[in-house]
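Peer 1: Let's have the full structure, built from the sequences with the hints guiding it.
Quick note on full-length UniProt numbering: the sequence shown kicks off at 1 and runs consecutively.
Hints were generated in silico from the structure; no laboratory data involved.
Take every hint as true, because none was put in to throw you off.
Distance condition first, Cα-Cα at most 35 Å in a straight line; then the derived DSBU-like pairs of lysine-lysine:
1) Lys5 / Lys128
2) Lys123 / Lys90
3) Lys154 / Lys128
4) Lys5 / Lys61
5) Lys86 / Lys123
6) Lys86 / Lys118
7) Lys118 / Lys154
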Amino acid sequence: MTNFKTEKDKLLLELDFEIKRNLDNGILKSLYRNLNSLQSVSDLNGILSRLVVDSLDYEFKIGEKLIEFENYFSDFSNSIRSAELKRLAKKLIKENTRITFYGKAWSESKANWIYFDKVFDLKKMRNKFEFGENIIEHQNLDIRSGLESGFIDKNTNEGIMGKIKTTANNV
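Peer 2: In structure tokens form, the structure reads like this:
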């Protein structure tokens with residue numbers, strides 16, 4: 001699994017097939033509607049898993065696939081294509097660092113960024129993760145658009161951001 005839309009479309013086809021074989025099963029229809037309404041990984045909220053476990057059980061193989069889909073894409077780091085930034089994101093998530101935002105950082109952004117509720121020591125992180133030249137450091141010190149510090153992959157435009165330690169100079 002790597003692409004949310006591709007995996008979602010595959011599951012919708014499988015659900016449609018199961019619905020045609022089980023016309024009276026309202027749970028399958030509800031799962032189809034719920035899955036179809038998801039636009040991005042940010043929309044995942046556990047409803048698919050709850051419907052499968054509470055109502056459908058594991059009567060259909062599609063139930064397992066829906067839970068696997070939801071579990072995989074609920075971890076935002078799985079949507080990061082940059083191997084180097086994915087390692088960093090997975091480490092931060094494993095440390096239970098709170099994610100404050102996931103998605104397009106601004107309207108013209110083409111890639112998703114993950115923002116963490118943690119002050120980053122960029123030099124220490126760069127050395128620890130041995131980032132290549134494609135990973136650049138980013139800092140935004142503009143208090144109007146948000147104080148942030150982190151890394152961007154020049155190849156994928158994805159970013160992993162943390163907070164900036166506030167001082168009298170940047171507040």
